[in-house]
Each structure stands twice: as structure tokens, then as C-alpha cells.
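Novice: Chain by chain, the residues:
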Amino acid sequence: MELGAPVLEARDLVFEREVDGRVVRVLDHVSLAIRPGDIIELRGESGAGKTTLLRALARLLPGVCGELVLDGRPDREVDPRLWRTRVTLLPQRAALLPGSVEENLGFPFTLAVRKHTDPPSAEKFRAGMDALGLDDVALSRDVTQLSVGQAARVALLRVLLARPAVLLLDEPDASLDDASAARLGEATARFAAEGGALVRVSHLRADATATRSLRLAAGQLMEVSNAG
Amino acid sequence: MPADGVIAIGWFELVLAAGFIVATGALSLALRLGLVKDLAIGSVRTYLQLLALGVVLRWVFEVRLWYAVVAILVFMTVVATRIILKRVPHAPKGLFGSSLLAMAVTGFTVTFAVTGIVIRVPAWYEPRYVIPIAGMVLGNSMTGIALSLERLFSDLDAHSEEVLGTLALGASPWEAARGAVRSSLRAGLIPTINSMAAAGIVFIPGMMSGQVLAGADPLEAAKYQVVVMLMVSAATAVGSIIAVTLAYRRRFSADGAYLEQGFRAHAS
Numbered sequence: 001m002e003l004g005a006p007v008l009e010a011r012d013l014v015f016e017r018e019v020d021g022r023v024v025r026v027l028d029h030v031s032l033a034i035r036p037g038d039i040i041e042l043r044g045e046s047g048a049g050k051t052t053l054l055r056a057l058a059r060l061l062p063g064v065c066g067e068l069v070l071d072g073r074p075d076r077e078v079d080p081r082l083w084r085t086r087v088t089l090l091p092q093r094a095a096l097l098p099g100s101v102e103e104n105l106g107f108p109f110t111l112a113v114r115k116h117t118d119p120p121s122a123e124k125f126r127a128g129m130d131a132l133g134l135d136d137v138a139l140s141r142d143v144t145q146l147s148v149g150q151a152a153r154v155a156l157l158r159v160l161l162a163r164p165a166v167l168l169l170d171e172p173d174a175s176l177d178d179a180s181a182a183r184l185g186e187a188t189a190r191f192a193a194e195g196g197a198l199v200r201v202s203h204l205r206a207d208a209t210a211t212r213s214l215r216l217a218a219g220q221l222m223e224v225s226n227a228g
Numbered sequence: 229m230p231a232d233g234v235i236a237i238g239w240f241e242l243v244l245a246a247g248f249i250v251a252t253g254a255l256s257l258a259l260r261l262g263l264v265k266d267l268a269i270g271s272v273r274t275y276l277q278l279l280a281l282g283v284v285l286r287w288v289f290e291v292r293l294w295y296a297v298v299a300i301l302v303f304m305t306v307v308a309t310r311i312i313l314k315r316v317p318h319a320p321k322g323l324f325g326s327s328l329l330a331m332a333v334t335g336f337t338v339t340f341a342v343t344g345i346v347i348r349v350p351a352w353y354e355p356r357y358v359i360p361i362a363g364m365v366l367g368n369s370m371t372g373i374a375l376s377l378e379r380l381f382s383d384l385d386a387h388s389e390e391v392l393g394t395l396a397l398g399a400s401p402w403e404a405a406r407g408a409v410r411s412s413l414r415a416g417l418i419p420t421i422n423s424m425a426a427a428g429i430v431f432i433p434g435m436m437s438g439q440v441l442a443g444a445d446p447l448e449a450a451k452y453q454v455v456v457m458l459m460v461s462a463a464t465a466v467g468s469i470i471a472v473t474l475a476y477r478r479r480f481s482a483d484g485a486y487l488e489q490g491f492r493a494h495a496s
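These protein sequences, in sequence, are chains A and B.
Going by the working numbering, the final residue of the first sequence carries number 228, and the count climbs one at a time with no gaps.
Going by the working numbering, the final residue of the second sequence carries number 496, and the count climbs one at a time with no gaps.
Derived from the structure by calculation, the hints contain no laboratory data.
Any given hint could be a false lead.
Simulated restraints on C-beta separations [stated by the list, open to error]:
1) 426/B x 66/A: 57 to 65 Å
2) 67/A x 277/B: 56 to 64 Å
3) 426/B x 98/A: 29 to 37 Å
4) 270/B x 29/A: 54 to 62 Å
Bear in mind that the values here come from a model prediction, so they are computed numbers and not experimental data.
C-beta atoms are modelled at their ideal positions from N, C-alpha and C, and glycine is treated no differently.
Using the sequences and the accompanying hints, generate a full structural model.
Specialist: As C-alpha cells, then:
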């Protein structure tokens with residue numbers, strides 16, 4: 001694959017946190033360049049700082065040092081809300097808001113930062129649901145009536161429909177069975193094929209579609225293999 | 229009964245009133261409830277604080293100095309703000325200023341609106357009217373603001389995953405905190421709304437009771453109570469809204485990220 005200009009770059013990220021009375025450097029000069037079409041698999045032991053790194057990239061990690069560059073512009077020049085519409089994190093335990101599935105899918109478009117963006121049509125919602133194996137779930141269903149795995153896929157669809165440039169997924173398949181996880185893999189691969197970039201923390205399954213695999217250990221980020 | 233309708237209580241009767249508390253203390257000892265110390269301290273404080281208040285008010289009513297009235301109002305506001313902060317255990321730093329502002333703006337505005345526009349006291353600082361009304365306004369706003377702030381920060385923490393997920397979609401701190409803001413204001417106003425609903429049926433409000441005991445016509449006392457109750461409710465609502473809207477942002481970083489427990493040291 002030809003290397004294009006990175007959409008998102010992290011340079012020398014350092015983050016320290018106090019754990020049991022001593023200071024632990026969770027990110028120790030971590031640098032990373034993410035290009036359109038990348039599907040980056042982020043691995044590492046539990047507690048290695050994978051979630052921390054994703055939060056840093058979404059500018060949702062208070063106290064992190066280093067530089068982030070989006071589309072060639074340093075983070076201090078980009079409004080944080082605008083940043084997060086371009087670099088969107090899906091937290092591991094993504095909480096849906098009270099209301100129906102449809103209200104949740106449309107929620108990102110009710111935010112002030114997207115006031116000039118039209119929300120996708122109900123048909124688009126429906127097609128997205130079907131593609132993720134949620135064809136038996138009505139858009140009008142209340143989110144309290146969803147199973148854990150269904151709610152996780154609705155949350156994924158919500159970020160996909162918001163069309164970020166970089167999608168940060170924190171163990172998106174943790175609560176999914178193999179068939180649903182495969183659907184999720186297809187949807188994210190489609191997102192990357194359309195020019196999106198993806199960083200995905202996975203614990204359970206190796207990602208066959210990944211173009212790069214990185215490992216975070218002792219605060220350092222290492223390339224494991226390069227399938228691209 | 230004296231001509232003005234008030235039956236004075238003598239010093240002996242005042243001491244006698246403690247008899248019931250002593251009996252309660254004995255009961256507590258017998259049942260090992262561990263309440264004796266608190267009861268004793270509470271009783272002594274009641275005696276000292278209220279008698280001191282009586283002495284101070286007697287003096288202020290006599291001298292009728294505007295700056296003495298203002299000084300008392302400021303003192304009441306500062307003490308109330310300190311009590312608010314004590315009742316909000318996980319509050320972020322720097323809440324004193326915004327809470328004081330919320331208390332002062334609503335307390336002063338509503339008090340002088342009642343005395344100046346509704347009651348039309350001859351002098352704007354008329355201590356006999358201004359101080360008791362300010363006391364009711366500040367006391368109720370204090371409870372409302374403390375309840376709202378306490379609920380705001382506990383609600384944000386309880387829903388921190390939802391807040392994070394919402395911010396990640398591009399929400400501003402206000403958009404992410406809106407649910408918590410709404411429920412905190414509701415929590416702060418419930419006591420006020422309850423007392424408006426129950427007033428006159430379940431209980432006679434304190435001010436009206438006092439006026440009736442002092443020999444006032446019950447209908448006249450009722451009119452006063454309506455005015456004060458509505459004004460106090462408005463003060464509680466506006467005070468809570470100001471306090472909460474000034475406070476929620478302190479739980480977010482400059483970049484608009486939510487400060488969960490582990491992150492609070494970095495930003496403060």
C-alpha cells in the first residue's frame with residue numbers, strides 16, 4: 001500500500017499516573033502516524049495503557065504531554081469539539097442515552113458542533129442496522145430493551161454514521177458473539193476502504209483485516225508486523 | 229395577656245424548656261443511641277445562638293444604621309456559602325466564589341424586592357423587615373444550592389461513562405453535562421416545591437406561625453406568608469440555577485475533557 005500523508009500524528013506523548021502511591025509512566029514518548037485506510041490493531045496486556053492512548057488521540061486525556069497533529073494542524077489550533085468530530089473515540093463501555101435507537105443514532109447531529117450538517121435519513125439508519133446484523137431491531141425500540149451486544153453495535157453505528165476521519169475503537173467486540181464480531185469487522189473494513197482510518201484495541205480476537213499491528217508495553221509502542 | 233398580644237417567656241420558663249431535651253437525653257442513654265453529646269451541643273448552641281441573635285437584633289433595631297444591616301447580610305451570606313461547601317464533599321476547588329455570587333445575587337435582590345416593592349418599608353434598610361426576610365431567603369437558597377451542587381457532582385460521577393461517550397461525539401461540556409444539570413436542579417427545588425404544596429394544609433409556615441403567635445390577624449399573616457413563600461421559592465430556583473451553571477464547568481479540563489477521579493490532580 002502506498003503511504004499517503006498522515007491524517008493524524010502523535011509525537012512524543014508522555015502520560016504519567018499515580019498508581020498505589022508511585023508514579024507510573026503509562027505513555028513514554030509514544031509516537032504514531034495514522035494514514036487514511038489504516039486499520040491499526042493495538043495490542044498489549046491489560047493495564048498497558050491502550051485505552052489511555054486512545055483517549056489521548058481523541059484529546060480526552062487531561063494531563064497528557066506531547067504533540068498531536070490533525071490534517072497537518074497542531075492540536076492547539078483546532079477546537080477540541082471539532083477535533084473529536086474528526087477523531088472519534090468509541091469507549092469500551094459506550095453508554096447509550098435514554099431514548100430510542102433512532103434518537104441515539106441521530107444524537108451526534110443534535111450537537112452544536114454539527115449544526116450545519118444534515119443528519120442521515122431513517123433509511124440510512126435502517127441500512128446501517130441491517131449491515132450490523134440488527135435487522136430484527138426496530139429503530140423505535142427503547143435502548144433499555146437492547147441486549148449488551150445489540151447496544152454495543154448501535155453505539156458503533158452511531159460513530160460510523162457521524163463519519164469521522166479517524167475512528168478509535170476500544171475493544172468493540174468484547175460483548176459480541178463470533179457472528180456479530182464478523183459483521184463488525186466487515187463494517188469497519190468498509191469504513192477504512194472508504195478512506196477512514198481505524199485504531200482498534202482488541203483483546204479477544206486477532207483482526208484479520210488489520211493493516212498494521214502495534215503493541216504497547218511498558219509505555220512503549222512497538223510495531224509487531226506490517227501486513228500492509 | 230399584654231395589650232400587644234405577646235405573652236412574654238420568663239428566664240425560669242426558658243430553662244424549664246430544656247427539661248424535654250434532658251428527658252430525651254435520658255431516653256438516649258437508656259437505649260444507648262449515642263445521641264447525648266449531639267443533643268447537648270445542639271441545645272447549648274440553640275440557646276447561645278438565638279439569644280445572641282436577640283441581643284444583636286435588639287441593638288440593630290434601636291440604632292437603625294444602614295451599614296450595620298448590610299454587614300449582617302454579608303455575614304449571613306458568607307456563613308451560608310461555607311455551609312454549602314461543607315455539604316458538597318467532592319466539590320472541585322474554587323467553588324466558593326461562584327456559590328457566594330449565586331447566594332448574594334439572589335439573596336439581596338429578592339430581599340430588597342420584597343421589602344422595597346411589596347411591603348414598601350419606609351427606609352430601604354429597615355432592619356425589622358430586612359433581616360428576618362433575608363434570613364428566610366438565604367436559608368432556603370442555601371439548602372437548594374447545596375442540594376443541587378451535591379447532586380450535580382455525584383450525578384456527573386455516576387454517569388461519567390455517558391459523559392465521556394457524549395464528549396467523544398463532539399459535545400461541549402455543557403451538552404455533556406446537561407442531563408446532570410437538569411436532575412441537580414430538580415433535586416434542589418424539590419423541598420421548595422413540596423413546601424409550597426403542603427403549606428397551609430400540612431403545616432403553618434414558620435413566618436405565619438410567628439405572626440399569629442405575636443397576635444397578628446391570620447389573614448394578614450397569610451398574605452405576608454404568600455409573598456415570602458413565592459419570593460423564597462424564586463430565590464431558591466434562581467440561586468440554584470446560577471450556582472450550577474457556574475460550577476459544572478469545573479469538572480472539565482480546558483480542552484473540555486471530563487475530569488474523572490484519577491484525573492483531578494492534573495487540572496486543579
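Novice: If a hint holds in the structure, say so; if it doesn't, say that too.
Specialist: Status of the hints after comparison with the structure:
1. In this structure the hint that residue 426/B and residue 66/A lie 57 to 65 Å apart at CB holds, the actual value being about 58 Å.
2. Checked against the hint of 56 to 64 Å, the C-beta distance between residue 67/A and residue 277/B comes to roughly 59 Å, which is consistent with it.
3. Taking 29 to 37 Å as the suggested C-beta distance range, the pair residue 426/B and residue 98/A conforms, at roughly 31 Å.
4. Take residue 270/B and residue 29/A: their Cβ atoms lie about 59 Å apart, and the range 54 to 62 Å holds.
Comparing the model with each earlier hint shows no violations; every hint is respected.
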